[in-house]
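Peer 1: Residue 1 in my numbering sits at position 1 of the sequence shown; the count goes up by one each step and never skips.
Derived EDC-like pairs (lysine to aspartate or glutamate); straight-line CA-CA distance at most 16 Å: (1) Lys340 <-> Glu247; (2) Lys290 <-> Glu364; (3) Lys78 <-> Asp31; (4) Lys250 <-> Glu381; (5) Lys340 <-> Glu356.
Label pairs and their calculated CB-CB ranges: (6) Glu151 <-> Ala251: 20 to 26 Å; (7) Asn165 <-> Ser65: 40 to 46 Å; (8) Thr330 <-> Ala186: 48 to 54 Å; (9) Phe23 <-> Val177: 48 to 54 Å; (10) Lys199 <-> Asp320: 41 to 47 Å; (11) Ala258 <-> Tyr185: 45 to 51 Å.
None of these hints come from the bench; they were simulated from the model.
Where is the CB? At the ideal position from N, CA and C, for every residue including glycine.
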Amino acid sequence: MSDKRFHLGWFTNFGVDEWNAQFHSSGMPWDGEFYVDMAKQLERACFDFIMLEDTLMLSDVYQHSTEAYLKWAIMAPKHDPAPLAALIGSATKNLGVIATLSTMAYPPFLLARLCATLDHIAHGRFGWNIVTSGEDLAAQNFGMDKLPPRELRYEMADEYVELVNQLFATWDEDAVVRDYETDTYADFTKVRPIHFKGKYFSSRGPLNTVRCPQGKPTYLQAGGSPRGRAFAGKHADSIIAVANGVEGMKAYRDDVRAKAVEAGRNPDDIKVLFLIAPTIGETTEEARAKHERLLHSDLFLKRALALYGSFTEVDFSPFDLDKPLPYKLTTNGEQGSLDKFMQWGSNKTLRQLTIEGGNSASLELVGTPDDVADMMGEAMEAVGGDGFLITAPSNRINRKYLIEITEGLIPALQKRGLTRTAYTKSLLKDTLREF
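Full structure from sequences and hints, please.
Peer 2: Right, dumping it as structure tokens:
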């Protein structure tokens, strides 16, 4: 029998939980304990990894003000994911932990050194989510007036990744000898500089950290635009994907796998995980009612538009909710996410677009654990793989939602033989390639 299992990750950030809901941690998770507890729960459910999203600015796109973002804790406050990744890595034994680190913000040597350190702390279970940053506000926090054009950012990122790959390889696997007789810890002939000089970056090397347990960390990337997909196909071990329905998911996966082949890679080495935000109830009717209450509240619409504005850099507030957008919008931010949200040519109103896409979900999944498990299995069979990246609706996590997924949905998936019931690999990269 063929292996029909698919992979699962969780998408979150070091931000505020749903602090004013019944099941919360009071909006003060800043010592990381809330997320460490969360990671342990995901590990019990045999998730492949937890991914920590990040941005480097406080948005003021929606209504040209920071009010909505701070009032409703949308993408802010948000703390640095790297220290949290260290906490999670040291508190777990099998779960991968992935941190978002921007090529705009970190010099390549510093990023490679940080990633190597985190991979050791996590015993080979660390991953780097590669982002170029997509907001001019972020660029202005690092001494620039605005970001380079998106195509140029990817060109720079290609060279950046080439450099960090060389830095990760500056230590041979057997460089650490620990020879007591000669009092030798590391063999200096097996640690080399690289003298890298590119168009945008340069570094002498070598790293002054020991070689990563994985050789180099697991790489994640979210490529939406054609150039982004080519970048992901060339570099990523796993891809964060957002698409419209099963047909869109299959088209995306087929396209990015083709780009991997063009880059000389085995497409089976890349796991495409589609973002979803399931709504779970004890009955189908209860789940549907919960879903409708969420999507049709005025507060949800405002929050969703503010959230989309933060990473597309488009202020949706002036547009009439009950009319289609008057023209095709473009951005130097996340064009792929904007295209997915806008559904060009559909003639849908902004309200409809927000209701359908405001959760950033690829697939509407509403029902009992058994209902949703069946839908996920059917979708994966039609798409061909490789799995899902689960997030809370509007990324507003609370303990109840986590329990609904880990103790409701996951057992239903495991009962159907759709997800793992135990870990068999020690390194994150091997866990992702197990099936």
